[in-house]
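We have chain A; now place chain B onto it with these hints.
Protein sequence lines correspond, in order, to chains A and B. Taken in order, the first sequence gives residues 1 to 785; the numbers are from my numbering. Taken in order, the second sequence gives residues 786 to 1570; the numbers are from my numbering.
Careful, some of the hints might be misleading.
[Unchecked claim] Stretch by stretch, here's where chain B covers chain A in the computed footprint (C-beta under 8 Å, at least three residues):
(1) 688-700
(2) 727-736
[As the list claims (entries may be wrong)] Each computed EDC-like pair below joins lysine to aspartate or glutamate, with the alpha-carbon atoms no more than 16 Å apart:
(3) K1498(B) <-> D539(A)
(4) K713(A) <-> D1324(B)
(5) K500(A) <-> E547(A)
(6) K713(A) <-> E1332(B)
(7) K1079(B) <-> D444(A)
(8) K294(A) <-> D1229(B)
(9) K970(B) <-> E219(A)
(10) K185(A) <-> E270(A)
(11) K545(A) <-> E661(A)
(12) K294(A) <-> D798(B)
(13) K340(A) <-> D13(A)
(14) K185(A) <-> D1324(B)
(15) K1285(B) <-> E1332(B)
(16) K185(A) <-> D450(A)
(17) K1466(B) <-> E1400(B)
(18) K681(A) <-> D610(A)
(19) K1498(B) <-> E663(A)
(20) K545(A) <-> E1500(B)
(21) K1043(B) <-> D945(B)
(22) K1103(B) <-> E1075(B)
(23) K1079(B) <-> E445(A)
(24) K1498(B) <-> E547(A)
(25) K1330(B) <-> E715(A)
(26) K1103(B) <-> E822(B)
(27) K500(A) <-> E1500(B)
(28) K1285(B) <-> E715(A)
(29) K713(A) <-> E1448(B)
[What the hints assert, rightly or not] For each label pair, taking beta carbons as the anchor points, the in silico distance ranges come out as:
(30) E240(A) <-> R1152(B): 56 to 62 Å
(31) S570(A) <-> A1192(B): 17 to 23 Å
(32) S1111(B) <-> H765(A): 36 to 42 Å
(33) S1111(B) <-> D160(A): 54 to 60 Å
(34) E1047(B) <-> G293(A): 41 to 47 Å
These are calculated hints, taken from the structure and not from any lab test. C-beta: ideal position from N, C-alpha, C; glycine also.
Protein chains: 2
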Amino acid sequence: MSSNTGTDLSLVDAYWRAANYLSAGQIYLLDNPLLTEPLAPAHIKPRLLGHWGTTPGLNFVYAHLNRVIREHGQEVLFVTGPGHGGPALLANTWLEGSYSENYPDVQRDLHGMRRLFRQFSFPGGVPSHVAPEVPGSIHEGGELGYSLAHAFGAAFDNPDLVVACVVGDGEAETGPLAASWHGNKFLDPVRDGAVLPILHLNGYKIANPTILARVPHEELDALLRGYGYAPHYVEGDDPEVMHPRMAEVFDEVFDEIKRIQEAARAGNTERPRWPMIVLRSPKGWTGPSEVDGKPVEGTWRSHQVPLSGVRDNPEHLKILEGWLRSYRPQELFDAEGRPKPELLELAPEGPLRMGATPYANGGLLLRDLRLPGVAAHAVEVAKHGTTNSEPTRVLGRMLRDVLTLNAEEDNFRLFGPDETASNRLDAVYEVTAKQWQAQVLPTDEHLEHDGRVVEVLSEHLCQGFLEGYLLTGRHGVFNCYEAFIHIVDSMFNQHAKWLKVHRRLVWRRPVASLNYLLSSHVWRQDHNGFSHQDPGFIDHVMNKKAEVVRVYLPPDTNTLLSVADHCLRSRDYVNVIVAGKNPTPDWLGPQEAALHCARGAGIWDWAGTDDGLSEPDVVLACAGDAPTLEVMAATALLREHLPELRVRVVNVVDLMRLQPETEHPHGMPDREFDALFTPDKPVIFAYHGYPWLIHRLTYRRANHHNIHVRGYKEEGTTTTPFDMLVLNDMDRYRLVIDVVDRVPGLGVRAAGLRQRMTDQRNRHHTWIREHGEDLPEVREWTWPY
Amino acid sequence: MSSNTGTDLSLVDAYWRAANYLSAGQIYLLDNPLLTEPLAPAHIKPRLLGHWGTTPGLNFVYAHLNRVIREHGQEVLFVTGPGHGGPALLANTWLEGSYSENYPDVQRDLHGMRRLFRQFSFPGGVPSHVAPEVPGSIHEGGELGYSLAHAFGAAFDNPDLVVACVVGDGEAETGPLAASWHGNKFLDPVRDGAVLPILHLNGYKIANPTILARVPHEELDALLRGYGYAPHYVEGDDPEVMHPRMAEVFDEVFDEIKRIQEAARAGNTERPRWPMIVLRSPKGWTGPSEVDGKPVEGTWRSHQVPLSGVRDNPEHLKILEGWLRSYRPQELFDAEGRPKPELLELAPEGPLRMGATPYANGGLLLRDLRLPGVAAHAVEVAKHGTTNSEPTRVLGRMLRDVLTLNAEEDNFRLFGPDETASNRLDAVYEVTAKQWQAQVLPTDEHLEHDGRVVEVLSEHLCQGFLEGYLLTGRHGVFNCYEAFIHIVDSMFNQHAKWLKVHRRLVWRRPVASLNYLLSSHVWRQDHNGFSHQDPGFIDHVMNKKAEVVRVYLPPDTNTLLSVADHCLRSRDYVNVIVAGKNPTPDWLGPQEAALHCARGAGIWDWAGTDDGLSEPDVVLACAGDAPTLEVMAATALLREHLPELRVRVVNVVDLMRLQPETEHPHGMPDREFDALFTPDKPVIFAYHGYPWLIHRLTYRRANHHNIHVRGYKEEGTTTTPFDMLVLNDMDRYRLVIDVVDRVPGLGVRAAGLRQRMTDQRNRHHTWIREHGEDLPEVREWTWPY
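In isolation and in its complexed conformation, chain A is listed as follows (with noise of 0.2 Å):
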């Protein structure tokens, strides 16, 4: 048999057969790689760990994707939905010599291939699932979903890239996978690559049936072409047949993506429909038919280890050999264990191996970004706090200019869920518009096929897409409403993890951080009320390794504008951003911003009035933009009413400073601690989210006991701004409060000023009911001094 053009398939089965029986071995085998001996128990792994089941299917595309490259000299990125199936990926990438490039212990010969087998799921060794260990890989098989929206994402810009990504069919159950089919509304025929969805259909989860395996070929087939692709099948379980069918198919589908490609480019901009291919093929396919009299070839039962009992069990023995032999490892591999030159054939050569492919090692691809610099976007501070500007509006432009000054890299894009005006980062549409594939009427706005900011009302789309884009060489940003980041938690969790393992293979090269810029925050959700209230993401990165995240929170523009200027520039973290889009003031001119986040946390003498030297009687500390406005209200209120109380006020933007060096990078030494917060001094903090993670990452301080600190507790509805405040007790009337309960010795003029600011809540209750808007004096109020 033999392909349209001419390959031999029996050389495509050959390397099928050593690919699947390296895959087996690395499951089963300690030793005796090459089966030189008869099988013994001691031969095999005490433990029996990992994923045999979509293995033979991963291998079968694997396999025709070299044919495929090797003739159109095409280049291909491999994308694994099912990452269960690690061995097939480490058989791969060991047979076409990319492995042992990357790990020169594990050559190509008896002895590499004896480490490959053991090292699998074994101690000191590889992970079971496709991980950053694997070369060839951007994609975690951990947490099943995001395969195809990865794809999309690592397609984007690199005209002439395939993505040829596998979707198990029990991945294609989840929401994520779901909503991802639509990403070929977004992809650009012309200047974006091409994503090839291989859906494999092998019928099984753990232990259940999947839905689109058990539903019938019209619905399949309608539910497909529904989504916008014109799909292929290739279906079966015999060899010999399937060889042909798939070759054929392949040859096929690259040809379509080639037309499209080219009618595209031509000028022909009607939103293509592209190819796909549904192989469906038994689960465990080649594997043990039957054990212990029951099927499991073709069922769930295939899913993990097929067999078992291997070591105890003389039976299961008998049949794992015979099932090992049946590939016929002589005729694959020489008596050194290296594959035969012949086998070699069909793998492509150097970066064209899917495993050697520098898109999936992004980091060898990566340009800096050209950063137009903060000076240029700055506001001007005549007087602290005495304008207004909105934070996330003047990033905006700075993000425009962004656009404008990496045009010709193509290589910096905008990703949100249809909030990036709502967010207030608009100016970007003066220089690009939103990627739009589908249908344009006369009364849209900012649509265009190759607009660089993404939007589609899907986080986890949003979120998957910037991955593949970052881990492909790329820059990006993810501009969210704050509350609902939490959608992309267990996204967010993956990612940290890749960063924590890639940043230790000495072979992958850093990447540009994922950006979020969180806006639309807790505070001033007022208007959606209290479901649109979260500001609990910030405690859910802090779980992640410290040297791979960072947390800011900018108080004002100049401080957003310095923070955003450095994450940009940033590798191989995640930066949180949580940020403000209403007018905000002006705390800051450009140079102390600068300074002020570069310190991550300081004292703003100009702002308190303990002189800046001698010891203060209460400490002020704010972090977020609206703590940040409530203590400076509260201190001028001090100020006026307590005249001779020395004050001090910090602010901190970097999150992580507050912890002890210690625990993260950004750590501050107790001393450095202590002279911002005093040792024995009541400390009010008013913080943006849940108060306790200020204890948590205070509790080894000298002062923890007195610091007190105040935000959000889950109190809130549609209201007033300033409302949101007094419900979680952190407005400027409770912090002086605060103050006078905790500040020994002010005797009987506090306790005429402590009745004065209860007045002044009781007011405020009454008022807004009255005026369904904020008191005067709160919503006029600015810095007097």
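For chain B alone, coordinates are given in the frame of chain A:
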């Protein structure tokens, strides 16, 4: 115009106009509710907050459903996917009278109408979205994506109910919604009710067109047929055409539903092709068509408030007045603001009104579960810690009996993402099966049309189904791998927020708690590796209101049974149970377990060496099964090597007990805490999750500075179970070293012990790399005392 069945459709139109008028009135009017005088700026709210865009479409559907309900006598639950459309649901429930029954201060008269308008999005009033405060709702209008999953959950085991679920085309872009369409592969036409999805294509999100509104008709139709539905289309903008068309389609689909159910209930076992409706109507339908020279009706500019400058811009005010008057309020309401009697003839009566259906106030329908009690399944413990059992396997037997005992009520279900068997709960399959309507093959096991276990590889669907099931008055458990429960972090947030508000509404009756059973937890994901290891859901849960959340970490089988029994009896909480599935020593007998769980935390006298009376030298505390085992092993080592050391063992089952009683209803007073943990002795605390949580819970305690916590610190890979503990410094040897390092005055024997423990850790490292499994003394360890 009239419907097939004779209802005068001009009545439906009048009802629709009334709802539209009341909706717009809520967004704009402070006063002059009936427009009895010319509209003046003083009548307008100072802050205009609300979402008009989706509202007229919702009103249209609601009015037509009223007709169907009246004519067919059909029970209908209305789920509002576009939850922004709060004004619509408030308007309709006010019109039909169900609102005033729950809120007697808002009667159906002029005074009540003024209050209805004024309270909307107003301080002290009601939220702008569909929220728990809205009668007839089980679905929060905040985060998008869960309407259809809620609808299916509500329909399970409610054979007489039709759940009409409006799905917004924005929401339809989310992953969870895209997956939810497949709910029809589970819904049983015999035992369950029907779900009628109404996809509302109004074309726009906040600032963008929607995908489904901008693909060709054939593609949309194929997609919906591919999802397994029979779509019916109602498309247009002329009410004269739309009313009869909508009436006709509603009659058709309700007839189809009836036919399907009758056929199935007569024995037809084919999976039905359920009907659905596609309603394509303009965004902001009947609102201002143009403002400031820009098109508004039918564009994204209708999304929120179409006219924003009404108070200051006379032109806007004029447009608003014209718009409001276009509904001809004088025809709809009498001079006292009461809806005219002929209008009310459209509204159904009593509990058939969608705002009054008991299905939406599930506590009204809730029946206590019949529980088998713990005794029948508890394991006998002749001697502490000398036998092993698999906690979740035993729990599975108890859940099996719960299913049996409540078989007639049909009010208990298990949900899980394909992990019920993997989590070893498979005893339930002795009495039920997995619900499944798609194809079944001869090799399949435990698949039935009416199984009570719902397995789908989507945590979003499991959570959404269960929420819908609980809020309509039933009971259930969601079992999930611990790491991947983060997928529903944001759904948990929304449900916890819902419960917080629900608990404060007198007319909402208590519902069953949402019970999470998290197994396959972080310490036993050694085989799946780093991506499967994350204990942070507990931290996430702790950010929500203390009155709503509970976290339990039972250390063995009998404590798990006791905790589960307790949770299944509870109401209005979210209970998180983290439990192991692997063989675990049975530490406590049934009575001891019950007592220990009731206390939530306690001293294990029999395990320690402090004779239970005098002060110990050190406290070894533990929470979670793996930490408990390590603490017990460390205790045994200390007994052997430092027999004179007085060691106290404290086990914590109910994590909330660690907090002060001011922070959580389960919190412990200081004196109790000190009695357990001492006021001044070193505490070595081995904790299941991220260690800082224990600090957060205890930082106010006298002895906090002496508490040294070990837990998961993001170290892990594919390795052995004990190596996971070593990697994270929570193994028994490390705990002994911690004791040695922290208890003063132990002298030279301690130094020797320290060295021995260090040697043992080194031995472990060498051993596992050689043997691939744990040290025999670890694998075979049992409590020797």
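Checked hints:
Only residues whose beta carbon comes within less than 8 Å of a beta carbon in chain B count, and the segment 688-700 of chain A has 5; three or more means the coverage holds. Given as covered by chain B, the segment 727-736 of chain A fails the check, having 0 residues with a CB less than 8 Å from a CB of that chain where 3 are the minimum. For the hint linking K1498(B) to D539(A), the alpha-carbon distance of about 15 Å falls within 16 Å, and the restraint holds. For the proposed pair K713(A) and D1324(B), the alpha carbon gap of about 15 Å is at most 16 Å, so the pair holds.
Our distance criterion of 16 Å between C-alpha atoms is met by K500(A) and E547(A), whose separation comes to about 8 Å. At roughly 12 Å between alpha-carbon atoms, K713(A) and E1332(B) fall within 16 Å of each other, so this suggested pair holds. Simply put, K1079(B) and D444(A) have alpha-carbon atoms about 11 Å apart, close enough for the 16 Å limit, and the pair holds. Taking the CA atoms of K294(A) and D1229(B), the gap is near 11 Å; set against the 16 Å cutoff, the hint holds.
For the hint pairing K970(B) with E219(A), the CA-to-CA distance comes to about 12 Å; that is within 16 Å, so the pair holds. For the hint linking K185(A) to E270(A), the alpha-carbon distance of about 11 Å falls within 16 Å, and the restraint holds. Restraint check: the Cα-Cα separation between K545(A) and E661(A) comes to about 14 Å, which is no more than 16 Å; the hinted pair holds. The hinted pair formed by K294(A) and D798(B) fails the criterion: a straight-line CA distance of about 63 Å is larger than 16 Å.
Taking the CA atoms of K340(A) and D13(A), the gap is about 14 Å. The hint holds against a cut of 16 Å. For a cut-off of 16 Å, the pair hint linking K185(A) to D1324(B) is broken: about 38 Å separates their Cα positions. Only pairs whose Cα atoms come within 16 Å are accepted, and K1285(B) paired with E1332(B) is accepted, the gap being roughly 8 Å. Taken as a hint, the K185(A) and D450(A) pair is honoured in the structure, with Cα atoms around 12 Å apart against an allowance of 16 Å.
Proposed proximity of K1466(B) and E1400(B) is supported: the alpha carbons are some 9 Å apart, at most 16 Å. Using a Cα cut-off of 16 Å, the hinted pair K681(A) and D610(A) holds, with the two alpha carbons roughly 13 Å apart. Taking the CA atoms of K1498(B) and E663(A), the gap is near 11 Å; set against the 16 Å cutoff, the hint holds. Restraint check: the Cα-Cα separation between K545(A) and E1500(B) comes to about 9 Å, which is no more than 16 Å; the hinted pair holds.
Pair hint K1043(B) plus D945(B) holds up; C-alpha atoms about 10 Å apart against a cutoff of 16 Å. Annotation: proposed proximity of K1103(B) to E1075(B) holds, straight-line Cα distance about 13 Å (limit 16 Å). Taken as a hint, the K1079(B) and E445(A) pair is honoured in the structure, with Cα atoms around 12 Å apart against an allowance of 16 Å. Taken as a hint, the K1498(B) and E547(A) pair is honoured in the structure, with Cα atoms around 12 Å apart against an allowance of 16 Å.
The hinted pair formed by K1330(B) and E715(A) meets the criterion: a straight-line CA distance of about 9 Å does not exceed 16 Å. Taking the CA atoms of K1103(B) and E822(B), the gap is near 13 Å; set against the 16 Å cutoff, the hint holds. The straight-line distance between the Cα atoms of K500(A) and E1500(B) is roughly 10 Å, inside the 16 Å bound, and the hint therefore holds. Between the alpha carbons of K1285(B) and E715(A) the distance comes to roughly 10 Å, so the proposed pair stays at or under 16 Å and holds.
With a C-alpha separation of about 11 Å, the suggested pairing of K713(A) with E1448(B) holds against the 16 Å cut-off. The hint said 56 to 62 Å for the Cβ distance between E240(A) and R1152(B), and at roughly 60 Å that hint holds. Look at S570(A) against A1192(B): about 59 Å separates their beta carbons, and that is not inside 17 to 23 Å. At about 38 Å, the beta-carbon gap between S1111(B) and H765(A) stays in the expected band of 36 to 42 Å.
Range check, S1111(B) to D160(A): about 57 Å between beta-carbon atoms, so the 54 to 60 Å window is met. For E1047(B) paired with G293(A), a C-beta distance near 43 Å keeps the hint of 41 to 47 Å intact.
Checked against the numbered hints listed earlier, the structure breaks hints 2, 12, 14 and 31; every other hint is satisfied.
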